Each structure stands twice: as C-alpha cells, then as structure tokens.
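Assemble chains U, W, Z, L and H with the ligands onto chain A, guided by the hints.
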Amino acid sequence: MKYVDEYRDGDKARELAARIHNEIDPQRQYRFMEFCGGHTHAIFRFGIHDLMPENLKYVHGPGCPVCVLPAGRIEAAIKLAESEDVILCTYADLMRVPAGKGDSLNRAKARGSDIRMIYSSSDALAVARENPDRQVVFFAIGFETTTPPTAAAIRIARAEGLKNFTVFCNHVLTPPAMLHILSSGEACIDGILGPSHVSTIIGSHAYADCCSLYRMPLVIAGFEPLDVIQSTLMLVRQVNQGRCEVENQYVRAVRETGNQKAQALMAEVFEPRSVFEWRGLGDLPASAVQINAQYALFDAEKRFAMQKMQTADVKGCICPAVLRGISDPDQCKLFATACTPEEPKGACMVSSEGACAAQYSYGRYRSAETRV
Amino acid sequence: MKYVDEYRDGDKARELAARIHNEIDPQRQYRFMEFCGGHTHAIFRFGIHDLMPENLKYVHGPGCPVCVLPAGRIEAAIKLAESEDVILCTYADLMRVPAGKGDSLNRAKARGSDIRMIYSSSDALAVARENPDRQVVFFAIGFETTTPPTAAAIRIARAEGLKNFTVFCNHVLTPPAMLHILSSGEACIDGILGPSHVSTIIGSHAYADCCSLYRMPLVIAGFEPLDVIQSTLMLVRQVNQGRCEVENQYVRAVRETGNQKAQALMAEVFEPRSVFEWRGLGDLPASAVQINAQYALFDAEKRFAMQKMQTADVKGCICPAVLRGISDPDQCKLFATACTPEEPKGACMVSSEGACAAQYSYGRYRSAETRV
Amino acid sequence: MSRLDIKNGLVEMAHGSGGRASAALIDGLFTRHLDNALLRQGDDATLFEVSAGRMVISTDAHVVSPLFFPGGDIGSLSVHGTINDVAMSGAKPLYLSASFILEEGFSLAELEKIVISMAEASRLAGVPVVTGDTKVVESGKGDGVFISTTGIGVLAEGIRVSGDRAEAGDAIIVSGYIGDHGIAILSSRQGLEFDTQIQSDSAALHGLVADMVQAVPDIHCLRDPTRGGLATTLNELCKQSGVGMRIHETDISVRAEVKGACELLGLDPLYIANEGKLACICPKASAAKLISVMQAHPLGREAAVIGEVVADESRLVVMQTTFGGQRVVDWLAGEQLPRIC
Amino acid sequence: MSRLDIKNGLVEMAHGSGGRASAALIDGLFTRHLDNALLRQGDDATLFEVSAGRMVISTDAHVVSPLFFPGGDIGSLSVHGTINDVAMSGAKPLYLSASFILEEGFSLAELEKIVISMAEASRLAGVPVVTGDTKVVESGKGDGVFISTTGIGVLAEGIRVSGDRAEAGDAIIVSGYIGDHGIAILSSRQGLEFDTQIQSDSAALHGLVADMVQAVPDIHCLRDPTRGGLATTLNELCKQSGVGMRIHETDISVRAEVKGACELLGLDPLYIANEGKLACICPKASAAKLISVMQAHPLGREAAVIGEVVADESRLVVMQTTFGGQRVVDWLAGEQLPRIC
Amino acid sequence: MCLAVPARVESLDDVSSTAMVDLDGIRKEVSTVLLDEINVGDYVLIHVGYALERIDPIEAEKTLLLFDELRDSEA
Amino acid sequence: MCLAVPARVESLDDVSSTAMVDLDGIRKEVSTVLLDEINVGDYVLIHVGYALERIDPIEAEKTLLLFDELRDSEA
Ligand code: SF4
Ligand code: SF4
Ligand SMILES: [Mg+2]
Ligand SMILES: [Mg+2]
Ligand SMILES: [Mg+2]
Ligand SMILES: [Mg+2]
Ligand SMILES: [Mg+2]
Ligand SMILES: [Mg+2]
Ligand SMILES: [Mg+2]
Ligand SMILES: [Mg+2]
Ligand SMILES: [Mg+2]
Ligand SMILES: [Mg+2]
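Residue numbers (the working numbering), protein chains in the order written: chain A, 1 to 372; chain U, 1 to 372; chain W, 1 to 341; chain Z, 1 to 341; chain L, 1 to 75; chain H, 1 to 75.
Just chain A, with the same shape it has in the complex (with noise of 0.2 Å):
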C-alpha cells in the first residue's frame, strides 16, 4: 500500500525510537498525550510501546468519538428506534457502547428495532430514498474529519426534497476538548500528538491556542508507527529544547488551513452548540456542532420529540480519568473482569481505538511475560 507500508518500516523505526533514546532525558519523565484513539491503536497494534526508553510514557486522550459519546445520547436514540417506527442508521463502531443497564444499539436491534449499520453517510441517503414510506435517522457521530460527510448527506438530502430522512447530530469538536483537557491541569502532561486526520480538515493553525495558551508542544502526526515515532521524537527535541510550538509532522494530507471546502460545506449546515455533554468530560461549552435553522427539517432532535436521557456511569468505571488521561486503563478495578470488550462496561472498552480495548486486546501481553 503505498503512503502506508512505506511509514510502518520496523528497520527504520528501531533506527528513530535508537534516537529517541540517545536524544531522552534520563533524569526525567515524558508524558506524550495521544489525543486520538487513532494514535492509541497505532501505538498498541504495532507495539509502540516496546521501542520507547521507560521514561518516556504515552497518555490516552479524549480522541475517540465512540468513547466520549454519553450512554444518554445512546440510550435517546434506542428510545426514538423503539417509540416510532423509525430506521435508524449508524456507524457499526456505536453498536456495541452500552448505554446503561447493559443495553447498547446492538441488543435494542436484537429486541426487534430496524437499526441498520452503514459505512457512509451516504448509505444512510440510499436507505431513506428506497424506504419512502418511513423516516430514516442517520444517528452520526464523530469529531471534525466524519463531520462534513454528514453535512454533504444533508445537503443532498435538500436538494432531493427527502421528506423522511434526518440526522441525529453527535458531531463533536476537537480543540474545545483539547482546551479543556489542558485548562483542568489534570493530565500532567508533556506535550501533545495531535490528530492526524481531524486536522486534514480543520488545519495546523486550529492548536495555537493551545500551545500558546498552555505553553504545551503539540506535533501532528500522521497515524502510521513511524508517524507516531518521528512526532514523538519531534516533542521530545521540543520539551528537551523548551519550545512550545504546533508542528506538523503529517504534512503530506495536512495543510496550514485545512480543507476549506470542507469547512465551508460544515459552516452551511451546522452552527454551534452553546454547550454539549461529553462522556468523562462532563458538559463543555462550544464543543460541538448541531443543524443550523436553514436545515432544521433534517434535524432529528426538531422531527421527533426525542428525550434527554441522563444515564449514570457504571460503578467502579474510570473511563473519565481515562479519557482525561488521569488514569490508565489497568487501573480499572473492572478491567479484564467485570469489563471485556464482550460485555464491555465503559465506552473506552468498546471501540479498538478505546484506551481500555487497546490496552485489552493487544496490550495484555506485558502482564502475561512478567508471569511466564
């Protein structure tokens, strides 16, 4: 594959981690937040991990879209998928986050509601155009890069004049989150690996609050292992140098201002939300976007009168320190027992790019050599 095998040399990437660990500082520790679950499931499917000098530790972020979504947004969709006849369609990623009380999207379908998983926004149109008779909601999730195909589906859908398609919108933002989590102190952190793909979209110059505000390196990086080894050589030379400044280490798909078309496509449909829950976060203001009033026909939250589910977490679930990059996964008294990807308990154990997933399903290994 070209433009992927190319960045996942182990040669090459023994050859920059040997330099990362020339370049270290062996009297102090480096904490690297992984903002994105793309980051995170890099650095554990390809053993990341295992190249690093011991001080140099990676933090998970809030990056999964999956993971942040609050079961009560969950828990609103299963509601409107079994009170209306509706179709409701959605990213298969959604079908297994429980939504409180063990349900989730998948066993509200195994009950008998018509939820379809789909692969594009534009699957989601298809379905509303060959079921004429009932309403299609298209339950979207998703940070800045899954936001404007959902914007050009709604386009589309105007444009068409269809009457029973609407978008239940979760579209989320990345750097209100990214701002929040640095404002809190909490991570303890010392720099940041910024995401790759969001940042396709809404450009490098979107983090130089963060930087400036919280004089914190952030180097974007691509989401191939040698990506993630260079950025993270590249925010060890900032931390050991002292600078604060957003580099892009995935300039070849990343543009200073982003993809402007794209920006514009989402500034036509959406408009802000003054403030939106995020699961671990807890309610932040401006992170995230819903459908503005000259498209409020394909609003689900405006078509049907859908209820605002507060679920509580699960007891002894520390997703919210995960997500803030307080905690680590295994330090969940439920991971690995009460909490498997089979019965997950928190969302960070249900998407692969869930820190708890991660670390469950490739990371186990280091426990495992320790015994054997």
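Quick caveat, the hints were computed from the structure, so don't treat them as lab data. On a predicted model such as this, the values are computed, not experimentally measured, just so you know. Check before you lean on any hint, since a few could be wrong.
[As the list claims (entries may be wrong)] Dumping the calculated DSSO-like pairs for lysine-lysine here, alpha-carbon to alpha-carbon at most 30 Å: (1) U:101 x U:302; (2) A:163 x W:141; (3) W:141 x A:101; (4) A:101 x A:315; (5) U:79 x Z:141; (6) L:62 x W:259; (7) A:2 x Z:259; (8) U:333 x Z:239; (9) Z:113 x U:101; (10) W:141 x Z:92; (11) Z:284 x Z:239; (12) Z:7 x W:113; (13) A:79 x U:163; (14) U:163 x U:261; (15) Z:92 x Z:113; (16) Z:92 x Z:239.
[Claimed, not checked] Okay, the calculated beta carbon distance ranges per label pair: (17) H:41 x Z:66: 27 to 37 Å; (18) A:307 x U:272: 49 to 59 Å; (19) A:53 x Z:66: 47 to 57 Å.
[What the hints assert, rightly or not] Covered stretches of chain L (in silico footprint by chain U; criterion: 3 or more residues with CB under 8 Å from a CB of chain U, positions within the stretch not fixed): (20) 4-10; (21) 35-44.
For every residue, glycine included, the Cβ atom is placed at its ideal position computed from N, Cα and C.
The following block gives chains U, W, Z, L and H with the ligands in isolation, referenced to the frame of chain A:
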C-alpha cells in the same frame, strides 16, 4: 360426533340403498344434480356411487364458491396485492386457484405479496386492528352461507371505526344460478339435491320458483352420507310419482324461512349486483351482492382502483361444461394428465369440492379397478 | 469467557460470530445441557469406535411453528424425528449431530428450554448428541430456532428394511392413533387456536422397532408417517415398490378429538402429520406375531393391520370407507390447510 | 408427479408439505443433480458398509449472505465446510448428509445453481451426499437457503489429532494466505460493495490432510480457521490445550488486496474467515517435513511455520509485529464489522 | 360448499356475542351474532367461526327414525 | 479516531462527483464533494466513503527523507 356419526352409519346406508334399488325403475335413467360441492365431496369421500344403481347418476352442479369464481377476480386481487401495500386476507381454499398463466394467490405470496390465510372473517378484522398503518383487504367469497359472516365483520368494522379494513366482495347467490342452469336446459336432469347450509340461511321457500317454473323435483339434503342417500330416495320417489316439489330432508337445520337474522344482516350491508360473472356460467343477472352505499367505505372495489381483469380460460379445460352439469370431469382431455390437484388448470381441480378434484382424489379407483 | 445472561438475554449476532460470544453460548448452554463423553472431546469433529458391518445415516431439518406445542417442542422433536428415520431402516441409532440456526433476538431462556428438552429426549432414548454447530441469522431472516439433526446407526445382520420391498400379499400395519401431532400443532397455531387435550405423539420409536425386527427380521418396509401423513407415506411406498394398497378405514385408529378437529377445519386425518407412529409392511404370515410384539410395547399398544399390499400398476392406495364405499387415498396435494368449503 | 418449473418457478410452501410437490422437488432437483448409488436407495435413511475402527462425525449449518459470492456459493461451501471439519480430525471423509431450509419465494433456478455447485464440489472431493431433507419456511422467516451438512469419515490407525494436544515447543503451521473468503464475501455484500479480484478460498482440504498425516502421523492439532479467523482458532487451541502461542506477523501470508480491504474497513486479517485453509500444530522436529509435503499440494503451496506453542497459564496468543513490537492476538470480540474509527 | 359442523354450546358470553363450543373435545370460541336465541347445551352449526343455526334435536331424531321407516316402507 | 486510508484515483465522474479509487486491488467508488481539485493518479485519503484530502507526494517524500535525517542527526 353427535349429529354427525349417526348420519354416517354404513349399515343403514346399505339398507337405504337397497330401498333405492327396489324402488327404481330399471327402464329409465335417473340423473340428479348435486348442486353443492359439499354433496360432490360427500359422494366421493364416502363412496356413495358404489351403493347406487347403474341407472342413477349424480351430475355435478356449480355449487362450489371457489370453482365459480372467475380467474379475473383472482387476478384483480393479485394485482391489488402487488401494486398497493395491502395485506390481503383470504380463506385458504382460494390460495391455489388458477388465475391465468399458471399464477395463483399462492405464487403471488411466494413472490412476496403479503397474502394471509384466515379461517374467519373476524380474523381479517384482527389483522386490521394489529396493523393500523396498513390497508387490510378481505378477499371474500362464498354463497349465502358465508355472506352473513362477512356482513357481520363489515358492521363491526364500522362500529369500531376501522379505517384500514375493506372487503373485496365476491359473494354470490344460489337461486339465480340454479334458475340459470334450469332455464338453459342443457344439463338434462331429473331432480336436484338442494344445498344444505345455504338453505340454513335462505330457507326452503327460496326454491319454490325452481320447482314450479321448471317442474323440477328438489330435495334439500344434508351433507352426511345418509342424508344424501335418503334425499336421493326422496328424489327417486318424486320422479316415480311425477311430483315436482321442494322437499326438505335437512329439517334438523333448515327452516322454511331460513335464518332471518342473518338475512337482515345481509340486507343491511349488501345490495344485489345488476350482473356478475360466474366461471362456467358467464354473466348472470342479479346473481351476486355488493356492499351498499351505506357501507361504501368498506368496499375495496371503491377504495382501490381495482382493474376489471378478463382472463381467458385454459384451452381444453371443460370446467364450464362440468359446472353446468353437461360433462363429467373424466371427459376432459386434461383430466389427470396436464390437470392435477398439484397443477390445476381449471378451478374444478382445486377445491376438494370441485368435481374434478373429487373425481381425481377419490374417484380414480374405478378405472384402476378395471385395470387391476 | 464472556458471561451468558440466560434469564434475560437475547440471541445477538455476536453469538454466531465464532468468537468469544459464540464460545460462551456453546459452553454455557449447548454443551452444558447436552453433556456426554463424546461431546466433551470439544473438537470440530467427534470420534467414536465402530465394528465392521452396515450403518445408516439420516438427516432432517426441523422448522416447526410454534416452537413449543402440547406434548413437545422443537428440541425433543428434532431428536425423535431423526432417531425415527434411522430406526425406520431397522437400525439401532447410535449418535446424533445437531445444527442450530438461531434468529437474532430469540430469547436465551426459551433456547435453554429447547436445549434441555433436546437433552432429555436424547438421554431417554439413549442416543447422545455428539457434535453440533450454531449459526445466528439477522432478525427477520429466521424464525426463532431451526434445528437440523443427523443420526447414524448400526444395522444388525440379516435385516433388510426398505421402501422398495413391499410385495403383493404383504400386510400393512400402523402402530397406533394417527393425526395427533399435526392437530396438536394446529391447535396452538396463531389465528387458529382451539382448546384440546390432544398432545403431539412425538416419541422415539427405535425401541419399538428393535422389538419388531427381533421378532420378525424379515420386515419389508418401515416408515414414519410424518409430513403428508399416513396417506402420503403409503403412496411413497407404493411408488417405490411398484405396488398398490387396499386399506380399511375402520381399522385405522383416529382419536375422537382428531376427528372433531378435522371436521371443523375440513381436514383429513390421513394427511395429518405424526411424529411417534410407524407404518410397517411385512409378510402376511408374520403380521399376527408383529402385532402382538408391538402391542406389548408402550408405543405400539394400538397397533393394527390396516390393509394389504396388492399388485397395481397404477400404484394406487384405495380405501374401503367405514361406510362401505371405496375411494382412492391420494398423495397430499399442495399443503394441508383449513378449508371453508 | 407434478412438474417442476425450474426456469421460472419459485419455492412454494407446498414444496415442503411432504406431498407430491415435495417429491417433485426432490426428484427433479436434489436427487437428479446429487445422484449417486447410495442416494438412489431412496429411503429416509441410507445404508453403507464400514470396517471396524474409528470414525468421526461433524456438522455445520451454512447461512452465508450473499448466497453467491466470488469463488463459490452456499452449495460448494456447505460441502467444503463439513468435509474440512471431518478432515481436521485427520480422518478421511466418506459421506455427507444435507438438510435444506428454503424460504418461500426463492427462485428454483438459483436453487438449482446451488445444488449443481454442491454436486460438483461433492464429486470433485469424492465425498457423495447420501441422504437429505428439505423444508420450506414462509417468506420472511428464512433467508433464501440454509444448508446444514453432516459428514462422517474414517480415521486410520495411529492418528490422534485433537485440539487439546498442543504442547510447548510445537510448531504452528498455516497452509496459505488468510482472509480471502471473508473479504470475498464482504466485497459482494449489499451496501459495502467494492471491486476486487479476491475470490473465496473455499476448498476441500481432505486431500491435503491425507498427505500430511501420511507424512507425519503424529500431527497434534488441525483446525480450519473459519468464523473468527486465524486469531480465534489459535485462541481456541490455546484454551483446549492449556498453552500459549507466540506467532510472527511476517510469516503470516496475507494478500495485498486483503490487506487493502482491511485497511479500508478497519478490519484485521487475523479475524477474517477462511474456508480453504488450515492451522496445524506439530512437533517442531516434524515441521520441515510437513511444510515440504504441504507445499507439494496445490492447496498448501504457501504453507509456512508462523510460530510456536509456549507454556503460558494465561493461554495468550502473542504476536511479534512486522514492526518489531509485540501484541496480544485475542479472541474475536463481538462481530467483525467495518469501522469508521 | 360451506363446510359446517354441529358443535355443542358450552358457555355463552353475551357481551362479546360469542360462545364456547365443543366438538368431541375440541373447544373453540365462535361468534353468535347470527343467531337470536342460543342456550348452553344447544348444538349449533359452525361455519367460518360463526354459529349459523341451531340443530333442532326433535327434527334430527325424526330424520333418524325416518331412515328406518324409509328402508322398511314400500314406495 | 477517524480511520482514513490513502487510495489512488483511477477515474472521475464529475456529474455524480464521485471517483473510483484503488487500494492495492480494492476498487471502490467514493464521493469527491469535499475536494475541489482531484486528478486521476492522485492519492486521496478515504474516510466513510468520502475523499477527505489529497496526499501531497512531495511532502510525503520529504517525510520519508526526514526519517533518515532524523535518525542520523544529532539533536
Ligand atoms: S476497563 Fe471498562 S470499566 Fe474500567 S475504565 Fe475502562 S471501560 Fe470503564
Ligand atoms: S380436469 Fe382440469 S382442465 Fe379439465 S375440466 Fe377439470 S379443472 Fe378443467
Ligand atoms: Mg431424514
Ligand atoms: Mg424424520
Ligand atoms: Mg421419515
Ligand atoms: Mg462448526
Ligand atoms: Mg421472523
Ligand atoms: Mg462442524
Ligand atoms: Mg466447518
Ligand atoms: Mg472447523
Ligand atoms: Mg426427512
Ligand atoms: Mg428474507
């Protein structure tokens, strides 16, 4: 079974049959039309033929509601089920009836139409209640026996304000068909075994015209074998004595004026059609009912744009002659070769009351016996 | 392993994924209840020992609706149905395999009931389920539970039971009341409900058959009159053997309730399914002996000769009616459905 | 018998009634194409001869969607799938049974294609379908065609292949490219269509296995990594044998297209189903010999040692990544579904 | 035509206008809207789930007697 | 988050604003509405069926070179 088993006593049957043998004039032929398929069925099922003298012959009549329904009416129902999103409810008897070009309700169901078999008109109402979002059409057939239950369902639908229930009415009337057979003179018969359960509703007085106008002996006969044999004996006696009366053998269930409550119910909901097509008999004036103006909301032919379909009967099928009492099933070249209960070419091969089906399923032993 | 919430849980797609959820379902439900030494091997195929000789194999898919009916459920039925097909060759059934196709959303509690009933039927019959498979289909693409079972058995020397061995002169025996199963199913079918004491006759007939072949090793044909009823079974045998049959309505046992339900719905008991009855064709000379052996077995107490095989090129089954007439008893045409006329 | 309009006809409820329409379907479609001497016996159970020794039995339900996919269809798959489960015990498959659950409204022409493909697969493999059954469920209560097959086979003396025999030090062999079947299915699944040359690897592996057990009778374990993929199969073996495994990503063959599709859909080739591959655990000393025998067989040309069995109470499969890191390769959790994040 | 069987009325529900009838151990609920007067113990003809008419026990008996008469009598 | 993979543009359909892209033999139709300028031969990042952005081949090459530089250079 009380009121059943007593009338199936083989010994008594043989004694009664002996009486017929005694009383019959060996010099002449006795041709009695069993108007009803119920009698046809009983004659074959119990092997009554075998007990009768050679010169007494049962001639099949048109009294099978499945057999006389024109293929075009079934095709219209199939078209309706295919073009509109309706649930078509019907008695199972209709499912296999050929509707032209090898089609049938069974095959339309296999192709995906929502066609449901019901046992009672009240089941159709239940389907309508359970599916408030869909139109439920009851494809109703039958003579006067089956018409009052349809009327009852329509009245209930109006009382409940069911907005999604209609009836595709195909109810037909017995006396006009009988008069038509007699007036055409083709059938060449000496007496009629009159309907049993139709007469329960319309009463024995309904046949007065038949007897007086065409000087035709008629005995209303129960469907049990002793009823049939006794009635046959009564007909033999009328013939021998030159009488032409309406006699009632089925006195345990048929009163002279019939069931007046049921008659009133029919009159409330239905009105005569000016003309209706019968398979085999053609267009007969005032021979069927339709839903009247007061109940027009429940008339499927009014609610939907139902096409009037003309289906050519299958080449070689002599159903019309069989239904008029002119020919026997085994005079048909297709009988038991191209036309079998599995692949019926004409309607008479479908219902177990159809003369061809009865002959095929129960009667073939005669030809077999001669071969063995 | 992931936990299985049998009490409240539903079948989910993941239970058919082959992953941890599948393993949990198999361990927690199937192997737990069907447990036996061979099944415990835990491989995709199960090993067993045989001696030299003749074996038989038979398979049936079971798709009954409703899944639970008076006198049984799809679990016991799927054990009996295949044991009987093996037994109808005269063989002794040894082992069963079971493959389940579950519909997403089906209740795990009901599934457990079915598996328990299967396990009981298998234990009672002494024929263990030694291997199995489970798949899950999306809601709307199945009907709760389908179970396909395959049975293998061993055939003692000297026995040669086959549908093509009926000969003119042979006696036709039926082991008991006909129509019970089909009427029990109809009585609980949605939209047709009626109350009755009738129970399905679902039962494993291999014990009865063992007694029969021991007494009369030269039994010509055995068949269980399931779908299509006794009428269809007799016609099948006529077709295979190239003979005809003459049977006597008075000698065929039908319960009053079954007759009543048939009159009500316009059905004929001869076409109603049985799941614990057999038809047997044997040399006339052995009939009396067979009848006495059968009547000594709890599942053959009402066994009776109901007719005889005749030479008939047309291969017709002709019945002398109780009434004294005669009529052809044909194959089932189409489906057996309630009639109004 | 009633005629079967294969060209234009659809499956109707009557085809499952057990009556004349059922007989027409079986004669005109199933026995016609699957024809063989044993099936021709025409009884409900089929008779065959065996010698004394060890036999195996295995069953699988096949419920694939779509029914036709690049490189096969449910017909060939249902033959290969069960032959392979029998072969994975080291046995020689002898006979298959097949039970069909048809959905009302399914095209008879497509059904014939499936049966022909089944017949071809069975003929090519030399493993005849000797008995069968067909049921019809109402439209909306099935999914076109489900096929459950059961296979029986005989096991030569001295062979003892079982999932519980993996020992620390054993070599782990995989017979070729993984993930082809699952990706071929995904590529043709509605709503996810993509173009690819990838074909299902569906194939009968008993010939390969015969060569393998002849060369190395002491093979410890064999398993075909179907649902849940290689990852799940290895975890199953670890669980059964109470061991761990260390495997090497670089030694596992994955086609570029399969990698591409997995990257696109967020899947992992280790969890993708195969239908013509096997995993084998054998004493390390025999590995080289086995590899050479396997590579000489058309279905094992890319056979390679991919790792070794280790003592590990946690029974973990740990993989050395191409990249030089290590990670746990866990059981499949939930279903393998395309991801967006 | 018109399959109808006699069954015994076991109980009546005037509110829903239904009766529970029995036919040799088969019990089924049927509608009684087509009949004015039914009593428990009556035999009624059942057709498509409706009671069509009462069986007149005296006439039924008469018919049976008539069979005997007829077979004995001369024409 | 945001699984996206680079694929080569094989052909473009301006009417439907779609492109056929290829990823090592996997060909898939994707929407191009989020990009202004795409040419056949370009590599684009695919996410949920949409082309998100072009991969800049020069920058990609530079990154690869940088790996070598970085590992050789001193901090
Ligand atoms: S292991 Fe499970 S319960 Fe614990 S923090 Fe993670 S998701 Fe929550
Ligand atoms: S045998 Fe068939 S074709 Fe001939 S008259 Fe009867 S129904 Fe018509
Ligand atoms: Mg069988
Ligand atoms: Mg069976
Ligand atoms: Mg059988
Ligand atoms: Mg299996
Ligand atoms: Mg269903
Ligand atoms: Mg198997
Ligand atoms: Mg298999
Ligand atoms: Mg297997
Ligand atoms: Mg069978
Ligand atoms: Mg379907």
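To see whether the hints hold, each was checked on the structure:
Between residue 101 (chain U) and residue 302 (chain U) the CA atoms are separated by roughly 27 Å; this keeps the pair inside 30 Å, and the hint holds. Distance check on the hinted pair: residue 163 (chain A) and residue 141 (chain W) sit about 29 Å apart at the alpha-carbon level, within 30 Å; holds. Between residue 141 (chain W) and residue 101 (chain A) the CA atoms are separated by roughly 28 Å; this keeps the pair inside 30 Å, and the hint holds. Between residue 101 (chain A) and residue 315 (chain A) the CA atoms are separated by roughly 11 Å; this keeps the pair inside 30 Å, and the hint holds.
Pair hint residue 79 (chain U) plus residue 141 (chain Z) holds up; C-alpha atoms about 24 Å apart against a cutoff of 30 Å. Restraint check for residue 62 (chain L) and residue 259 (chain W): the C-alpha separation of about 26 Å stays at or below 30 Å, so the hint holds. A threshold of 30 Å between alpha carbons decides the hint, and for residue 2 (chain A) with residue 259 (chain Z) the separation of about 12 Å falls inside it, so the pair holds. A distance of roughly 71 Å separates the Cα atoms of residue 333 (chain U) and residue 239 (chain Z); the hinted pair therefore is violated under the 30 Å criterion.
For the proposed pair residue 113 (chain Z) and residue 101 (chain U), the alpha carbon gap of about 25 Å is at most 30 Å, so the pair holds. As the CA atoms of residue 141 (chain W) and residue 92 (chain Z) are separated by approximately 35 Å, the hinted pair breaks the 30 Å bound. For the proposed pair residue 284 (chain Z) and residue 239 (chain Z), the alpha carbon gap of about 20 Å is at most 30 Å, so the pair holds. Restraint check for residue 7 (chain Z) and residue 113 (chain W): the C-alpha separation of about 43 Å exceeds 30 Å, so the hint is violated.
With a C-alpha separation of about 28 Å, the suggested pairing of residue 79 (chain A) with residue 163 (chain U) holds against the 30 Å cut-off. Between residue 163 (chain U) and residue 261 (chain U) the CA atoms are separated by roughly 26 Å; this keeps the pair inside 30 Å, and the hint holds. In summary, the hint linking residue 92 (chain Z) to residue 113 (chain Z) is supported, as the alpha carbons are separated by about 27 Å, within the 30 Å threshold. Between residue 92 (chain Z) and residue 239 (chain Z) the alpha-carbon distance is near 26 Å, which keeps this suggested pair within the 30 Å criterion.
The supplied range of 27 to 37 Å is met by residue 41 (chain H) and residue 66 (chain Z), whose beta-carbon atoms lie about 33 Å from each other. In this structure the hint that residue 307 (chain A) and residue 272 (chain U) lie 49 to 59 Å apart at CB holds, the actual value being about 57 Å. Distance hint check: the CB atoms of residue 53 (chain A) and residue 66 (chain Z) are about 51 Å apart, consistent with the given range 47 to 57 Å. As drawn, the segment 4-10 of chain L meets chain U at 4 residues by the rule of a beta-carbon pair under 8 Å; at three or more, the given contact holds.
Residue count for the segment 35-44 of chain L with a Cβ under 8 Å from a Cβ of chain U: 3. That meets the three needed, and the coverage hint holds.
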